[in-house]
Amino acid sequence: MKHKEYSIPFSGLKQGKHEFDYLIENRFFETFGYGEFNAAMVNVTVYLNKTSTMLELTFKEKGSVNVDCDLTNEPFDLPIESTMDLVVKFGEVYNDENDEILIIPHGEHQINVAQYIYEMLVLAVPQKRVHPGVADGTLKSKALDTLRTLQPKEEKEITKENDPRWDALKKLITDK
333 MKHKEYSIPF SGLKQGKHEF DYLIENRFFE TFGYGEFNAA MVNVTVYLNK
383 TSTMLELTFK EKGSVNVDCD LTNEPFDLPI ESTMDLVVKF GEVYNDENDE
433 ILIIPHGEHQ INVAQYIYEM LVLAVPQKRV HPGVADGTLK SKALDTLRTL
483 QPKEEKEITK ENDPRWDALK KLITDK
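Note that the sequence shown ends on residue 508 in the numbering used here; no numbers are left out.
What the hints contain is simulated information worked out from the structure, not anything from laboratory work.
Just so you know, not all the hints are guaranteed correct.
[To be verified] Distance windows between CB atoms, simulated:
#1 Asp402 with Phe352: 32 to 40 Å
#2 Ile433 with Gly365: 25 to 33 Å
#3 Val425 with Ser343: 13 to 21 Å
#4 Pro458 with Asn375: 43 to 51 Å
#5 Phe364 with His438: 52 to 60 Å
#6 Gly348 with Tyr426: 24 to 32 Å
#7 Lys394 with Thr481: 36 to 44 Å
#8 Pro411 with Ile505: 56 to 64 Å
Bear in mind that the values here come from a model prediction, so they are computed numbers and not experimental data.
Just so it is clear, CB atoms sit at the ideal spot from N, CA and C, and this is done for glycine as well.
Full structure from sequences and hints, please.
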């Protein structure tokens, strides 16, 4: 079974709250075929509340992933933090169509949380990744210097040259 270290055997647990800790590194994402991160160091805690009829899972993650800046292509550590709730109920057949409710067959004795951890971490990273040095001006990069020189100039910087053809047309408008 893939990712068996992320399986939580709930059948032997007493009713009540339980805690499971995981350290997620880049090799975790590589097993999913996800190569967007240069490196990852994220602590994930899964809180399990077992009742007689269902399981309530709360995922909390905090850490950082090393990604490339979308503007300068410079690598940087991006801090991420998020939470996610999942309710596990028991039914006749496996059903994961709902994002917040998972139905597993009555005979199951464990739940694998690897897919949920993966999705939570990937979705915690913003779509546009900008190096913090770009915003505060501390990053020195050749790509950033090129972007600054190619940036459109403001209105007051552009010198307006008068075209005599337009001057004649403007005169017609004001001569009403």
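Consistency of the hints with the structure:
A beta carbon spacing of about 34 Å between Asp402 and Phe352 agrees with the range 32 to 40 Å that was offered as a hint. A C-beta distance of roughly 27 Å is found between Ile433 and Gly365, which places it inside the suggested range of 25 to 33 Å. As the Cβ distance of Val425 to Ser343 is approximately 19 Å, the hint placing it in 13 to 21 Å holds. For Pro458 and Asn375, the hinted distance range of 43 to 51 Å is not satisfied, since their beta carbons lie about 20 Å from each other.
Distance hint check: the CB atoms of Phe364 and His438 are about 29 Å apart, inconsistent with the given range 52 to 60 Å. Between Gly348 and Tyr426 the beta carbon distance is about 26 Å. The supplied range of 24 to 32 Å therefore holds. Checking the proposed 36 to 44 Å range against Lys394 and Thr481 shows it holds: the Cβ atoms sit about 39 Å from each other. A hinted range of 56 to 64 Å holds for the C-beta pair Pro411 and Ile505, which are about 57 Å apart.
Violated hints for the displayed structure, listed by number in ascending order: 4 and 5.
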